[in-house]
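Asks: One letter stands for each residue in the lines below.
Number of protein chains: 2
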Amino acid sequence: MDHGTEVLLGLFVMFVAAQVGAEIAQRLKLPSVVGKIAAGCVLGSSFLGWAQVTEPFELLAELGAVFLLFSVGLETRLEELKKVGRVSALVGVAGVVLPFLLGAGWAVLSNYNTPKAAFVGAAFVATSAGITARVLQGMGVLNRIESRVILGAAVIDDILAMLLLGVVTALQGGEGINLSSLLVVLLQAVGFVALIALVGTKVMRRSSPLLEAPINPLSPLSISLAVCIGLAAAASYLGLAAIIGAFLAGMAAAETRQRHTLEKQLQPITALLVPFFFVVTGAKINLGDLGSASALSALLVVTLLAIAGKVLGCGGGAASLGRKSALIVGVGMVPRGEVGIIVASLGLQAGVFSGNMYTLIIAMSLLTSVIAPPVLSALLGGKNLEPSPLRVEGLGDGKSPP
Amino acid sequence: MDHGTEVLLGLFVMFVAAQVGAEIAQRLKLPSVVGKIAAGCVLGSSFLGWAQVTEPFELLAELGAVFLLFSVGLETRLEELKKVGRVSALVGVAGVVLPFLLGAGWAVLSNYNTPKAAFVGAAFVATSAGITARVLQGMGVLNRIESRVILGAAVIDDILAMLLLGVVTALQGGEGINLSSLLVVLLQAVGFVALIALVGTKVMRRSSPLLEAPINPLSPLSISLAVCIGLAAAASYLGLAAIIGAFLAGMAAAETRQRHTLEKQLQPITALLVPFFFVVTGAKINLGDLGSASALSALLVVTLLAIAGKVLGCGGGAASLGRKSALIVGVGMVPRGEVGIIVASLGLQAGVFSGNMYTLIIAMSLLTSVIAPPVLSALLGGKNLEPSPLRVEGLGDGKSPP
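Residue numbers (numbering that gives the first Met the number 0), protein chains in the order written: chain A, 0 to 401; chain B, 0 to 401.
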C-alpha cells in the first residue's frame with residue numbers, strides 16, 4: 000500500500016471509529032466525547048496498536064482542537080460578561096482558583112517541579128459548559144437561577160482558564176520560576192488576551208457591516224477562518240498555546256452580527272476535524288498506565304480533588320443562593336470535558352507530562368464528565384435525561400443555548 | 000520558531016493569499032481559481048520561494064481535492080442523466096473522445112510513451128461546468144436549450160472523465176500497454192465506477208430515511224464524510240485516483256433526500272480546505288518552465304488543441320441544434336477549471352508528468368477557463384458579466400444551478 004492510501008485508510012478508520020464510539024456512548028447515556036476517546040484508545044497502543052499517530056494525523060488533530068476552541072470562543076460573549084452579575088463572577092473566579100491550587104498542590108506533593116505542577120493545576124481548571132448545558136436543557140430548567148449562574152460563570156471560567164494556560168505554557172521554557180520571569184510571562188499572556196479580547200472584539204463589532212456579503216455568502220466565514228488560523232499561529236509564536244488564539248478569535252467573531260451564521264457554518268468543519276482530535280487523544284492513552292493499584296488510587300485522588308475543587312470553589316461562590324442551589328451550581332461546573340482533555344494533550348506534546356500523567360488527566364476529565372450529569376439530574380429532582388436534539392460535535396453532547 | 004508554529008503560520012499565509020488572489024481575480028472579472036493559483040505561484044518557487052510544500056500542506060491539499068470532487072459529485076445526479084436526451088449525450092461523449100485523442104496524440108508526437116500520453120489525454124478531457132454555469136446564470140439564459148444541453152452534457156463528461164482517469168492512472172504501473180492488461184484495468188475501473196454509481200446510489204437512496212436525523216442534525220453529514228473518505232481510500236487502494244472515489248461518493252450522496260442540506264454543509268468544509276489545494280498547486284508551478292519560446296509555442300498549441308477538441312467535439316455533437324447553438328455549446332464546454340488542474344497535480348504526484356508538462360497543463364486549464372467566458376458571453380449577445388451572487392468555493396465562480 001502506498002503512503003497516500005495508508006493515510007486515507009487511517010483517516011477513514013479513525014473517523015468511523017469516532018462515530019461508532021460516539022453512538023455507543025450516547026446509547027449508554029454517556030457524553031459522546033467519552034465514546035470518541037474510547038474509540039481512539041481501542042485503535043491505539045492499548046489494544047490494537049493499529050493507529051500510528053504520524054504527522055498527518057497530528058496536524059488534523061491539532062486543527063480539530065483549534066476549531067473546537069474557536070467554536071467555544073464563538074459562544075463566549077463579552078456582553079454576557081457584563082450581565083453575569085456578582086454571583087456568577089464569584090463562581091467563575093473561585094472555580095478557577097481553588098481547582099488550580101488543589102491540582103498544583105497535589106502535583107507538588109507528587110514531586111513535580113513548580114512549572115510542571117502549575118501545568119497540572121491548569122488542567123484542573125477547565126469547565127465544559129456543554130455537558131452541563133445539555134443536562135439543564137434536557138430537564139427544561141435553563142431558566143432557573145442556578146442554570147443562569149452556571150452558564151455565566153462558564154464564560155469567566157473559559158477566559159481565566161485560557162489566561163492561566165497561556166501563563167503556564169510560557170513558563171515551561173524557563174529553568175524554574177522566578178518572580179521577574181513570572182511577571183514577564185504574565186504580562187505577555189494578559190497583554191495578548193486583553194488585546195484580542197478587548198480591541199479585537201471591538202474591531203470585529205465595527206467591521207460587522209463590512210462582513211455582510213451581498214456578493215459572497217461564504218466571505219465572513221473565510222475571514223473568520225483566516226483570523227482563527229492567524230491568531231492561533233500568533234499565540235503559538237508567542238509561546239502560548241495555539242488554541243488560546245483560536246479561542247480569542249472565536250470571542251472576537253462572536254461580536255459580529257454574523258455569529259449565528261458562523262456557528263452554523265463551523266459545525267460541518269468541527270464535524271470533520273474534531274473526531275480526529277479525540278481519536279488521536281485516545282490513541283495516545285496507554286491503559287497499562289492505570290494498571291497498578293497505585294495508579295488507580297492516584298486517579299481516585301485526582302478525580303476527588305477535581306470534583307472537590309469545583310464543588311467547594313463554585314459552590315462557595317454561589318453560597319448566597321442557599322445551600323442546595325450552591326450545590327447544584329458546584330456540581331454543574333464539575334465536568335472537565337474537552338477543555339481538560341486539550342490541556343492534557345498540550346502537556347504531553349510539550350513534554351511537560353509523562354505518559355502516566357497524561358492518562359491520569361484524561362481519565363479524570365472523562366470521569367468528571369460522566370459523574371456530574373446524573374448527580375446534577377438527581378439534585379434537580381428530575382428524571383428526564385433524554386439525549387437532546389442538539390448534539391453538537393465536540394461539545395460532547397450539547398451546546399450552550401443562545 | 001518551532002515546527003508547530005511554522006505549520007500554522009504557513010497555513011495562515013496560504014489561506015490569506017488564496018483569499019486575496021480570489022478577490023483580485025474577481026475584480027478583474029477572472030474566475031477566482033485563477034487568482035488562487037496565481038497566489039500559490041507567487042508564494043512558491045517562481046517568486047518568493049516561500050511556500051515549502053511539506054507533508055502537512057500536501058495532506059490538506061489532497062483533502063481539499065477530495066472534498067472538491069465530492070461536491071462536484073453531489074451536483075451530478077443519475078436521474079438527470081436520463082433526462083439529458085440524445086443531444087446532451089452526444090455532446091458529452093464526443094466532448095470526451097475528441098479532446099482525449101487530440102491530447103494523447105499531441106503527447107505521442109512529443110515523444111511521450113503511450114501510458115503517459117494517455118494521462119495527458121485525460122487532462123484534456125475535463126470540463127468545469129461551474130465556470131460556464133456562472134456565465135449562463137449571470138446572463139439569465141439558464142433556460143435556453145444550449146444551457147440545458149451544456150449542463151446535461153457536463154454530467155456525462157464528469158463521469159466519463161473519472162472513468163478515463165481511473166484507467167490511465169492504473170495503466171501507469173505497467174511497463175507498457177498490452178491488450179490484456181488494458182482489459183483488466185478497464186474492467187477494474189469500469190467495475191468500481193459502475194458498482195458505486197449504480198449500487199451505491201441505490202443504497203443511498205434507500206437509506207435516505209435512515210439518514211433523517213431527529214436526534215442529530217449532523218449525522219447525515221458525518222455518514223457522507225465517512226463514505227467520501229472511505230471510497231477515496233478504496234479508489235486509491237485499487238490504484239485509481241482517490242478523487243474518483245470522492246466523486247462517486249458525492250454522486251451517491253446526491254441521491255439522498257438530504258442532498259441540499261449536504262451541499263450547504265459541505266461549503267464551509269470546501270471553503271476551509273480547497274484554498275490549500277489551489278495554493279499548493281500554484282506553488283508547484285515553475286514559471287521558468289514557460290520562459291522559452293518553445294515552451295510558449297507548446298502552450299499555444301496545447302491550448303488551441305484543448306479548445307478545438309471541445310468546440311469541434313461538443314459542437315459536432317450539438318450540430319442538430321443549428322450552427323450558432325452548436326458553437327455556443329462547444330464554447331461552453333471549453334473551460335477545464337479545477338478538474339483539469341486536479342488531473343495535472345495527480346500526474347505530477349505520480350511522477351507521470353515532468354514539471355514542464357505540469358506547468359503546461361495547469362496553464363492550459365487556466366487559459367481555457369479565462370478565454371471561454373467572454374467568448375460565450377459575446378456569442379450569447381449579452382453584456383451582463385456581473386459576478387453572480389453564488390460564488391462557491393472551488394467551483395471557480397459559480398455552481399450549477401439546481
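One or more hints might be untrue.
[Claimed, not checked] Residues from chain B shown here face chain A by an in silico Cβ test under 8 angstroms; the list is partial: (1) 14; (2) 18; (3) 52; (4) 54; (5) 199; (6) 271; (7) 298; (8) 354.
[Said to hold, decoys possible] Using 20 angstroms as the maximum straight-line C-alpha spacing, the simulated EDC-like pairs for lysine to aspartate or glutamate come out as follows: (9) 263(A) to 262(B); (10) 201(A) to 78(A); (11) 201(A) to 288(A); (12) 263(B) to 262(A); (13) 201(B) to 78(B); (14) 201(B) to 288(B).
It is worth saying that the hints were derived from the structure and are not from the lab.
A virtual CB, placed ideally from N, CA and C, is assigned to each residue, including glycine.
Asks: A separate judgement is required for each hint: does it hold in the structure or not?
Replies: Hints versus structure:
1. 14: Holds - the Cβ of residue 14(B) comes within 8 angstroms of chain A, reaching about 5 angstroms at its closest.
2. 18: 6 angstroms, holds
3. 52: 14 angstroms, violated
4. 54: 6 angstroms, holds
5. 199: 16 angstroms, violated
6. 271: 6 angstroms, holds
7. 298: Cβ of residue 298(B) sits 29 angstroms from chain A, so the hint is violated.
8. 354: 20 angstroms, violated
9. 263(A) to 262(B): Between residue 263(A) and residue 262(B) the Cα gap is close to 14 angstroms, so the pair holds against 20 angstroms.
10. 201(A) to 78(A): 11 angstroms, holds
11. 201(A) to 288(A): 47 angstroms, violated
12. 263(B) to 262(A): This hinted pair holds, its Cα atoms lying about 14 angstroms apart.
13. 201(B) to 78(B): 11 angstroms, holds
14. 201(B) to 288(B): Not satisfied, since the Cα-Cα distance of roughly 47 angstroms exceeds 20 angstroms.
Hint compliance for this structure: hints 3, 5, 7, 8, 11 and 14 are broken, all remaining hints hold.
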